[in-house]
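S.K.: Take a look at the letters that make up each chain.
Number of protein chains: 4
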Amino acid sequence: MNYQKILEDIQEQIQPELIKGNVADYIPALKNVKENDFAMSIRLLDGQTFNVGCFDKKFSIQSISKVFTYSMALKIYSKELYSRVWYEPSGNPFNSLVQLEYEKGIPRNPFINAGAIVTTDSLVTHFKDKNIAIKQINDFINNLSKDNILIDEDIYMSELKTGHRNRALANLMKSFSNIKNPINNTLETYFKHCSFMMNTQQLATTMLFLANHGTDPLTKEEIITSSKAKRINSLMLTCGHYDASGDFAFHVGLPGKSGVGGGIVAIVPKKMAICVYSPRLNSKGNSLAGTKALELFTTITGLSIF
Amino acid sequence: MNYQKILEDIQEQIQPELIKGNVADYIPALKNVKENDFAMSIRLLDGQTFNVGCFDKKFSIQSISKVFTYSMALKIYSKELYSRVWYEPSGNPFNSLVQLEYEKGIPRNPFINAGAIVTTDSLVTHFKDKNIAIKQINDFINNLSKDNILIDEDIYMSELKTGHRNRALANLMKSFSNIKNPINNTLETYFKHCSFMMNTQQLATTMLFLANHGTDPLTKEEIITSSKAKRINSLMLTCGHYDASGDFAFHVGLPGKSGVGGGIVAIVPKKMAICVYSPRLNSKGNSLAGTKALELFTTITGLSIF
Amino acid sequence: MNYQKILEDIQEQIQPELIKGNVADYIPALKNVKENDFAMSIRLLDGQTFNVGCFDKKFSIQSISKVFTYSMALKIYSKELYSRVWYEPSGNPFNSLVQLEYEKGIPRNPFINAGAIVTTDSLVTHFKDKNIAIKQINDFINNLSKDNILIDEDIYMSELKTGHRNRALANLMKSFSNIKNPINNTLETYFKHCSFMMNTQQLATTMLFLANHGTDPLTKEEIITSSKAKRINSLMLTCGHYDASGDFAFHVGLPGKSGVGGGIVAIVPKKMAICVYSPRLNSKGNSLAGTKALELFTTITGLSIF
Amino acid sequence: MNYQKILEDIQEQIQPELIKGNVADYIPALKNVKENDFAMSIRLLDGQTFNVGCFDKKFSIQSISKVFTYSMALKIYSKELYSRVWYEPSGNPFNSLVQLEYEKGIPRNPFINAGAIVTTDSLVTHFKDKNIAIKQINDFINNLSKDNILIDEDIYMSELKTGHRNRALANLMKSFSNIKNPINNTLETYFKHCSFMMNTQQLATTMLFLANHGTDPLTKEEIITSSKAKRINSLMLTCGHYDASGDFAFHVGLPGKSGVGGGIVAIVPKKMAICVYSPRLNSKGNSLAGTKALELFTTITGLSIF
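Heads up: the sequence lines are chains A, B, C and D, in that order.
This note's numbering puts the first residue of the first sequence at 1, with every later residue one more than the last.
This note's numbering puts the first residue of the second sequence at 1, with every later residue one more than the last.
This note's numbering puts the first residue of the third sequence at 1, with every later residue one more than the last.
This note's numbering puts the first residue of the fourth sequence at 1, with every later residue one more than the last.
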């Protein structure tokens, strides 16, 4: 298939969508983006790259970072981790605190905030120090992206100052003993890894190991086992888009993970990793044009996993 | 691959699992089974069949029937149906009535009971009569299975007499105007299609159209469009096993649908349909040995969609 | 105190409130009332009666009937009843089905619908027949009111036809074995006793036994024990106005019970029973002007129990 | 009535209850009590005092302090306060975070933890400083008790260190902008006023103003208006014992407020204030023998408000 042509067709068809939806505004720092930006990158397992739009413009990866931290934690802990964070869809956002209370502080999955905070907490425990933990996360991403990824300090400080709901989640889990470190250590690490800045080409590159059953196809390094890579993919499919996960599976049909910064990564197993960026969000908090672009992609290519 | 050999290996490895779990006992009629039975059937798109165990013994298909009724309704209604029943995972069983009340009588997806009742209601409306509706459902299954499928009257009467919770769901949805027919008409049709008796070979055959993008590979008849077939598969992956759907995706990695009668169907897109039967259930209400058998199958064959 | 003068003052001050709020319209039959009607009656323990407004116009007593059926059931069953229906406030209406599911079919108190349905069910069981049960309830009210009270058949038929949510509650409780009779028998009895027609003078008279520690002060008949009468009063205070019970206690400060027909009864222990009627309801489903009239009454007289 | 004799009779009858239930152990400092202690004090409006048991032994007042802070805040703010904390019963403890999330950070009433934290926050705002706020609360209690009340530093530090759930509540409310001060300032003040140490005689004395329609009967000082005093009493009746409030109203029939330290205060309007102490708690977190003692008191004296 001519992926460059496909990306260009998508870019053309997506134009009317670029003015719909709203940029995330819960923290001021996220608002400083060009609202109608669009970028899309594909990386094949053999290393070929295809790009359209502002593919070298960096944006806040936000929740996409949860894929990195969960991959690291799953590699380290395996079954121990499953008792602290499950792998079931969570229903809806209204449920976030409800479920957490009813289910005694065990989050539904690592891709909702509560689950990602527990995952980060497990890394702080493993690396024994919050600064080492964030350094290791940064190294993990650098290794995958073959680049040097940085934190946006404004976004980090903004999250740190306004993250009351995340602080509520962490305290509730602490009351059930499912946070092991001082809350500030865990939350600072969590807010930091949400504040990494990356572009679509870098993100597509970092996700290649998940398209290749756990092994980085460019370096041949086994990042995690084949079995665990498939599990992460299944989690992205069932839980990657909050309470629009079913919708994404229904319309796009690929494992994916979105962030409120406007990025979405998606995996075509054994073939490629994709990243799309467009900062305006739909009502569920996922990139509006990004979701449409991925739906167009699977419609055109027939590459849905179903 | 030598599928016959693979099935025989699975049968051998699964023996210790066959004595675990418990047969469904919420209705007396379901208890009349041989508790340690096991069967597994594979049908490839080219018509080849592989079987082990009691593959010609009929059992109550229960919730597997929801795949048939949703396929029929999706063919008839398309987008109209989406406003009456969504396609998102539902969280957990405790939530069933909670979500339904909070979300104003719109069920989360067609594979939880509330959603299947709405789906059945839409068929009763379309066919204008409960007897014609069940006749059409029966014909739909007969056509797919190339066989004559029958209802077990004992199971049907048992469901009809004890289905208070389903009656509660139907009345709650009626109070939100999401049931259009008299409740008894809809529930009788629903309880009847849950009471069809089939064996694993028949069920694997009926699911071939979903493995073949909507077209029955044996007759070349388009049952539904390719796009809708993929959506049904995505729904089976995200919602096919109640609150163990994430677990099934995590461990098996195939679209599937289970029934409390002990059957599970699974789809390998573009390759085959599988059905496994073992009546003892795990704590989530899915066949215990059946789930393990499918996990073994994807581990051995590497045929997970991820 | 000059109660006649007080009632007339209240009637005058309440005029601006009589055009606020909306008449219940969930069943057509309840809409056939004069929207701006107002009536208020006081009966002292010594038999004196004071009235203003249309005190001899009959209206649908609706949930006020729950006081009669709970009094009857508490006399018959005592502690056995407490295990089937509790005596705690229920939080809010959104919770109705939630709590019932979470608390395994045991309603919070006898003054929410679920609790009143269980109470009615206990009477059908005791009297062994739905027709005898409703006859006994009618006799109980006749005896207290010294009058012959009748059911409005239109309202009854209307409830029977549209009561899907009550049917959902009953089926959910039946699934937990907390409804002992066929659902239709219990619901018919329930809908019938909600459809009795009474005026404010009759209702004030019937409530005298609760103002007099269980004994009808006019006939000296002990209707129930002193201890049980106090408990019913406490329940009216904590649970008598659905999720506005706290508001009523806060502003009026008397045990009371409202119905969506527009009536409210209130008790001044050891002194009197009061009934007010005005069919327009506030957002919580209680008579808007009626609530205000009772607040004026305790402000003027200082007769709050606090 | 011979109140001394009545107290002695209660003390005698209550003996078998003193070994039932368990002392609160969620913070270590609360466990350092004599488990079978019992004390009860009555103060009449005319100043007469009756005591039994260890009435001069100080214990942690815990949630009883919520009556003081709410009285102060209601005096200062009136209607403004109602929009930040309601006056409805809350249903059950499981709901605490659920309701708070569903109801957008507005707690149900000032006697659940979330509501008391908002109330304290309003005092910190009014007094502009956390140290002045706690000083003013202390002065308020000193004035009512005619004594010098002190904080137990061990209990305070213990609460501060382990209060993760309270911190979760505060952060959730902050995310809805219903906490106006830095969370630590509000929580420190809250934990401090829960840590005051008082005996039953002091507590009975402090509650006299609520038995006397807002005016301290010993000094004739109006603490709050008559109308507001009645409202506080109504709140104690409907919400004073968490999810056993209905039970307390049902069995005791007096406005009351309990604390997990083992104390309960109760009001007989226009007559007296009562305080009972016994540290072992029932399953709902209220003093087991204390509740029984108050039930005996109203049974013997007939002084229930109903």
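Errors might be hidden in some of the hints.
Calculated lysine-lysine pairs in the DSBU-like style (CA-CA distance at most 35 Å, straight line) [claimed, not checked]:
1. Lys-284/B x Lys-284/D
2. Lys-5/C x Lys-58/C
3. Lys-271/C x Lys-220/D
4. Lys-180/A x Lys-34/A
5. Lys-20/B x Lys-75/A
6. Lys-104/C x Lys-31/B
7. Lys-57/D x Lys-271/D
8. Lys-5/B x Lys-228/B
9. Lys-135/D x Lys-57/D
10. Lys-20/A x Lys-75/A
11. Lys-31/D x Lys-220/C
12. Lys-271/C x Lys-271/D
13. Lys-135/A x Lys-161/D
14. Lys-271/D x Lys-5/C
15. Lys-135/B x Lys-270/B
16. Lys-20/D x Lys-284/C
17. Lys-180/A x Lys-284/B
18. Lys-271/B x Lys-271/A
19. Lys-5/B x Lys-270/A
20. Lys-161/D x Lys-75/A
21. Lys-180/C x Lys-104/C
22. Lys-135/B x Lys-228/A
23. Lys-128/D x Lys-161/A
24. Lys-228/D x Lys-20/C
25. Lys-104/B x Lys-220/C
26. Lys-180/B x Lys-79/C
27. Lys-161/D x Lys-79/C
28. Lys-270/B x Lys-104/B
29. Lys-270/A x Lys-271/B
Derived by calculation from the structure, the hints in this document are not laboratory data.
S.K.: Determine for every hint whether it applies to the structure shown.
M.R.: So, going through the hints one by one against the coordinates:
1. For the hint linking Lys-284/B to Lys-284/D, the alpha-carbon distance of about 31 Å falls within 35 Å, and the restraint holds.
2. Distance check on the hinted pair: Lys-5/C and Lys-58/C sit about 24 Å apart at the alpha-carbon level, within 35 Å; holds.
3. Taken as a hint, the Lys-271/C and Lys-220/D pair is honoured in the structure, with Cα atoms around 29 Å apart against an allowance of 35 Å.
4. Pair hint Lys-180/A plus Lys-34/A does not hold up; C-alpha atoms about 40 Å apart against a cutoff of 35 Å.
5. At roughly 31 Å between alpha-carbon atoms, Lys-20/B and Lys-75/A fall within 35 Å of each other, so this suggested pair holds.
6. A distance of roughly 25 Å separates the Cα atoms of Lys-104/C and Lys-31/B; the hinted pair therefore holds under the 35 Å criterion.
7. In summary, the hint linking Lys-57/D to Lys-271/D is supported, as the alpha carbons are separated by about 25 Å, within the 35 Å threshold.
8. Between Lys-5/B and Lys-228/B, the direct Cα distance comes to roughly 34 Å. Compliance with the 35 Å bound is thereby established for this hinted pair.
9. Taken as a hint, the Lys-135/D and Lys-57/D pair is honoured in the structure, with Cα atoms around 23 Å apart against an allowance of 35 Å.
10. Our distance criterion of 35 Å between C-alpha atoms is broken by Lys-20/A and Lys-75/A, whose separation comes to about 39 Å.
11. Pair hint Lys-31/D plus Lys-220/C does not hold up; C-alpha atoms about 53 Å apart against a cutoff of 35 Å.
12. The straight-line distance between the Cα atoms of Lys-271/C and Lys-271/D is roughly 18 Å, inside the 35 Å bound, and the hint therefore holds.
13. Among the hinted pairs, Lys-135/A with Lys-161/D is consistent with the structure: their alpha-carbon atoms are about 29 Å apart, no more than 35 Å.
14. With a CA separation close to 30 Å, the supplied pair Lys-271/D and Lys-5/C stays within the 35 Å bound.
15. Proposed proximity of Lys-135/B and Lys-270/B is supported: the alpha carbons are some 30 Å apart, at most 35 Å.
16. Pair hint Lys-20/D plus Lys-284/C does not hold up; C-alpha atoms about 41 Å apart against a cutoff of 35 Å.
17. For the proposed pair Lys-180/A and Lys-284/B, the alpha carbon gap of about 30 Å is at most 35 Å, so the pair holds.
18. For the suggested pair Lys-271/B and Lys-271/A, the alpha carbons sit about 18 Å apart, so the restraint of at most 35 Å is met.
19. The suggested pairing of Lys-5/B with Lys-270/A holds, with an alpha-carbon distance near 26 Å, which does not exceed 35 Å.
20. Only pairs whose Cα atoms come within 35 Å are accepted, and Lys-161/D paired with Lys-75/A is accepted, the gap being roughly 33 Å.
21. A distance of roughly 15 Å separates the Cα atoms of Lys-180/C and Lys-104/C; the hinted pair therefore holds under the 35 Å criterion.
22. Note on Lys-135/B and Lys-228/A: the hinted pairing is violated, with a Cα-Cα distance of about 46 Å set against a maximum of 35 Å.
23. A threshold of 35 Å between alpha carbons decides the hint, and for Lys-128/D with Lys-161/A the separation of about 22 Å falls inside it, so the pair holds.
24. Straight-line distance between C-alpha atoms of Lys-228/D and Lys-20/C comes to about 27 Å, which keeps the hinted pair within the 35 Å bound.
25. Among the hinted pairs, Lys-104/B with Lys-220/C is inconsistent with the structure: their alpha-carbon atoms are about 50 Å apart, more than 35 Å.
26. Distance hint between Lys-180/B and Lys-79/C is unfulfilled; the C-alpha atoms sit about 42 Å from each other, more than 35 Å.
27. The suggested pairing of Lys-161/D with Lys-79/C is violated, with an alpha-carbon distance near 43 Å, which exceeds 35 Å.
28. Restraint check for Lys-270/B and Lys-104/B: the C-alpha separation of about 38 Å exceeds 35 Å, so the hint is violated.
29. Our distance criterion of 35 Å between C-alpha atoms is met by Lys-270/A and Lys-271/B, whose separation comes to about 16 Å.
In terms of the numbered hints stated before, the structure departs from hints 4, 10, 11, 16, 22, 25, 26, 27, 28, listed from lowest to highest.
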